[in-house]
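Participant: So the chains spell out like this:
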Amino acid sequence: MTLIEHRSIDSASATAAPPATELTMAGALTAALRDAMAADPKVVIFGEDVGPLGGVFRVTDGLSREFGETRIWDSPLAEAGIVGTAIGMAMYGMRPVVELQFDAFSYPAFEQITSHLAKMRNRTKGHVQLPVVIRIPYAGGIGGVEHHSDSSEAYWTHTPGLTVVTPSNPADAYSMLREAIASDDPVIFLEPKSRYWVKDAVALPVTTAPMNRAQVLRVGSDVTLLAYGPTVKTAMQAAELASLEGLDIEVIDLRSLSPFDDETVGASVRKTSRAAIIHEASQFGGYGAEVAARVTEREFFHLAAPILRIAGFDIPFPAPKLEEHHLPSAERVLAALDTWEW
Amino acid sequence: MSDASSGRSAAATHEATRPTELPIRLIDEKGAVVRGKRAAGFAMPDPETLLALYRRMVVARRFEAQVTALTRQGRLATYPSALGQEACEIAAVSALGVDDWLFPTYRDTIALLTRGVSASEILSFFRGDWHAGFDSHAHRIAPQSTPLATQALHAVGLATAAKLQGDPVVALAFLGDGATSEGDAHEAFNFAGVWQAPVVFVIQNNQYAISVPIAKQSHARVLSDKAIGYGMPGYYVDGNDAAAMYAVITTALERARSGGGPTMIEGLTYRMESHTNSDDPTRYRSAAETEEWHGHDPIDRLAKHLTATGALTEVVADEIAAEAEALAAATRDAMNVEPVLDPLELFDHVYATPRPALLEQRAFLAKELADS
Chain A
1 MTLIEHRSID SASATAAPPA TELTMAGALT AALRDAMAAD PKVVIFGEDV GPLGGVFRVT
61 DGLSREFGET RIWDSPLAEA GIVGTAIGMA MYGMRPVVEL QFDAFSYPAF EQITSHLAKM
121 RNRTKGHVQL PVVIRIPYAG GIGGVEHHSD SSEAYWTHTP GLTVVTPSNP ADAYSMLREA
181 IASDDPVIFL EPKSRYWVKD AVALPVTTAP MNRAQVLRVG SDVTLLAYGP TVKTAMQAAE
241 LASLEGLDIE VIDLRSLSPF DDETVGASVR KTSRAAIIHE ASQFGGYGAE VAARVTEREF
301 FHLAAPILRI AGFDIPFPAP KLEEHHLPSA ERVLAALDTW EW
Chain B
1001 MSDASSGRSA AATHEATRPT ELPIRLIDEK GAVVRGKRAA GFAMPDPETL LALYRRMVVA
1061 RRFEAQVTAL TRQGRLATYP SALGQEACEI AAVSALGVDD WLFPTYRDTI ALLTRGVSAS
1121 EILSFFRGDW HAGFDSHAHR IAPQSTPLAT QALHAVGLAT AAKLQGDPVV ALAFLGDGAT
1181 SEGDAHEAFN FAGVWQAPVV FVIQNNQYAI SVPIAKQSHA RVLSDKAIGY GMPGYYVDGN
1241 DAAAMYAVIT TALERARSGG GPTMIEGLTY RMESHTNSDD PTRYRSAAET EEWHGHDPID
1301 RLAKHLTATG ALTEVVADEI AAEAEALAAA TRDAMNVEPV LDPLELFDHV YATPRPALLE
1361 QRAFLAKELA DS
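Each protein sequence line maps, in turn, to chains A and B.
So in the numbering used here, spot 235 of the first sequence is number 235, and the numbers just go up one at a time.
So in the numbering used here, spot 73 of the second sequence is number 1073, and the numbers just go up one at a time.
No lab work stands behind these hints, which were simulated from the structure alone.
Ideal Cβ placement from N, Cα and C applies to all residues, glycine included.
Fair warning: there could be bad hints in the mix.
[To be verified] Below, simulated EDC-like cross-link-like pairs (lysine to aspartate or glutamate); rule was C-alpha separation at most 20 Å, straight line:
| id | chain 1 | residue 1 | chain 2 | residue 2 |
| --- | --- | --- | --- | --- |
| 1 | A | Lys125 | B | Glu1121 |
| 2 | A | Lys125 | B | Asp1348 |
| 3 | A | Lys125 | B | Glu1368 |
[What the hints assert, rightly or not] Restraint-style ranges between C-beta atoms, simulated for each label pair:
| id | chain 1 | residue 1 | chain 2 | residue 2 | range |
| --- | --- | --- | --- | --- | --- |
| 4 | B | Glu1345 | A | Ile315 | 35 to 45 Å |
| 5 | B | Arg1018 | A | Ile315 | 43 to 53 Å |
| 6 | A | Arg65 | B | Pro1047 | 50 to 60 Å |
| 7 | A | Ala293 | B | Ala1329 | 46 to 56 Å |
| 8 | B | Asp1028 | A | Pro41 | 49 to 59 Å |
| 9 | B | Pro1147 | A | Lys321 | 36 to 46 Å |
| 10 | A | Arg58 | B | Glu1254 | 23 to 33 Å |
| 11 | A | Ala38 | B | Arg1072 | 56 to 66 Å |
| 12 | B | Ala1352 | A | Thr21 | 26 to 36 Å |
| 13 | A | Ala38 | B | Pro1047 | 52 to 62 Å |
| 14 | B | Glu1254 | A | Pro41 | 57 to 67 Å |
| 15 | A | Arg65 | B | Asp1028 | 57 to 67 Å |
| 16 | B | Glu1291 | A | Ile315 | 42 to 52 Å |
| 17 | B | Gly1074 | A | Ile315 | 46 to 56 Å |
For reference, chain A alone in the conformation it holds in the complex:
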């Protein structure tokens, strides 16, 4: 089944390839915001500290100077207010891109996101569309203090009406953010903080795979390792380590958490007959539980072993000096795979 035809987000990307330059994910996100604002005057950005400061992670760096206060501005410090007013702006035809400064600081906006942003299209029979993008820096690994390291994806993926995506590299960050802003559905755009400053050679503007599709990053035949956002790097490390022991791991970057790309994951699992998913969020009731259940239901007769979850412990996110014990490591992934009967 073809999932969804890919929206052409920038005709410029079809022209001769510009030279690749070293780019961080933060820089790629900034470029995506800049290009989206230049392409569509209905795109506006607001949130806490996104103006002259350029955001606490500098993702909106320079945009205030370039576009002025009618296109990007600092809002009062109130997350429900940010999302609630974004909803009203979208009702008037704008395309707001708002930043909620940290994962756990998105919770004051929970009602506006789950009861209004997510439901408006359905409750009005499609009369009111809300093309709002909520950017949320998320997850740990940067030594953040309390409330600055949560992985809250399962709250959003459990909510019908939301699209939830998370890039793991600069090229995807650019392409997926452009596509999210062009989407007529509200998108929760989760940015893995620990990946903000990692560089890649990217030629902008770049169009990667559609944001609702998973990508096979490493082809393998023995195990399907599913990861997203901050754990993609962990999965790749685990695959490299495993290859030294003769284990051939296929790594899939899910990219889209809602919708889930059943087609790509299913094809891989039918090939390898074993699957595991890595995430930083707590295991109980986490995103991995849905993935394990859903892939098992669909591919049970191809599976040689239960699907494993390598996740954070079922504890509140630890203080910075202890977070390394909580976060899944490549070694922990390999140890988990060793628990299977081979």
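Once you have looked at the hints, place chain B on chain A.
Facilitator: Chain B in isolation, oriented as in the chain A frame:
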């Protein structure tokens, strides 16, 4: 975006628009014109406007009586009545311009009706057919909000978008007294003040949040005193005086439209009916209290005034009554026809971009329906 960018001095413009000691009033309970300090400088709307307000209030009350009866007959799942609050409801929507937006709550059905949404479209919500049965963009009315105060933020956002695009559009948000306790109300007032959004907040203080009286909701002298803290004009108005509500709301709309920013208006009124048909007011308020408020009825008051001025003759009253009866009959007819609902539509509006997994669930339900 801030007040500074509009070049106005917030403090200087607010001096004359602090909530008054007593609610602003233009017509008293006997129908007599109120002048002087109590009128706070507001001019009486012209006679045609007053008669139009009266006609709409009478029609709306008849409509609600019909809908309440239909609810008791089991035709509707629930209905929160605005009986006694017609002056606030009708004055607000009558003052709105055609391009303005209304952000109503679940209790503001008669405002939607007055703004032109058909009874069957509005009541599909309370009948249980769909959550919002009308086209928001066609009527410039947001879906009726059941969560409290959340729609006030939507109003601020829409008004700000209109301002950014240079459109002379104002958003009017209804809130109740209970809603002012919600965090979203505070955030909406604050954002509106900082962004100088062209928005008018109309707080219908009907004195009860289901069963909880206003004294357990706020320790403020009056709710509209909150406006001072947000740097916006605030008005404390007799919410059962349609003339006063209309005059104050019109002023606020003009201020917003001309770049003067938001206004908070409190209409002091009373919820004559129970919260909904499943509520029991005898458990929390006395019959004597409700009876006392019958003496402040907004329709009786305007009728006395218009009769005294000669605008409301027997002929006109008969015409209005006939219009009200015709609407009631049409509403009965519409609600006595069982709607044909398509369960498969449950999947059709969740996303603009179709999802394979949802199409699978749609096919599942289709098969279940076919097999049953």
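Participant: All the hints need checking, so say for each whether the structure fits it.
Facilitator: Against the structure, the hints come out as follows:
The hinted pair formed by Lys125 (chain A) and Glu1121 (chain B) meets the criterion: a straight-line CA distance of about 12 Å does not exceed 20 Å. For the hint pairing Lys125 (chain A) with Asp1348 (chain B), the CA-to-CA distance comes to about 8 Å; that is within 20 Å, so the pair holds. Restraint check for Lys125 (chain A) and Glu1368 (chain B): not satisfied, since their Cα atoms lie roughly 23 Å apart, outside the 20 Å limit. Checked against the given bound of 35 to 45 Å, the beta carbons of Glu1345 (chain B) and Ile315 (chain A), roughly 43 Å apart, stay inside it.
The supplied range of 43 to 53 Å is met by Arg1018 (chain B) and Ile315 (chain A), whose beta-carbon atoms lie about 52 Å from each other. Checked against the given bound of 50 to 60 Å, the beta carbons of Arg65 (chain A) and Pro1047 (chain B), roughly 56 Å apart, stay inside it. Judged by the Cβ atoms, the range 46 to 56 Å given for Ala293 (chain A) and Ala1329 (chain B) holds: they are separated by roughly 54 Å. Checked against the given bound of 49 to 59 Å, the beta carbons of Asp1028 (chain B) and Pro41 (chain A), roughly 52 Å apart, stay inside it.
At about 41 Å, the beta-carbon gap between Pro1147 (chain B) and Lys321 (chain A) stays in the expected band of 36 to 46 Å. At about 43 Å, the CB distance of Arg58 (chain A) to Glu1254 (chain B) disagrees with the hint of 23 to 33 Å. At roughly 59 Å, the beta-carbon separation of Ala38 (chain A) and Arg1072 (chain B) lies within the given 56 to 66 Å, and the hint holds. Distance hint for Ala1352 (chain B) and Thr21 (chain A): a CB-CB separation of about 34 Å, consistent with the stated range 26 to 36 Å.
Separated by about 55 Å at the C-beta atoms, Ala38 (chain A) and Pro1047 (chain B) satisfy the suggested range of 52 to 62 Å. The given range of 57 to 67 Å is broken by Glu1254 (chain B) and Pro41 (chain A), whose C-beta atoms sit roughly 28 Å from each other. Separation of Arg65 (chain A) from Asp1028 (chain B) is about 58 Å and conforms to the stated range, judged on CB atoms against 57 to 67 Å. Distance hint check for Glu1291 (chain B) and Ile315 (chain A): the Cβ-Cβ separation is about 59 Å, which falls outside the suggested range of 42 to 52 Å.
For the hinted restraint 46 to 56 Å between Gly1074 (chain B) and Ile315 (chain A), the CB-CB distance of approximately 51 Å keeps it satisfied.
Going down the numbered hints, you'll see the structure goes against 3, 10, 14 and 16, while the others check out.
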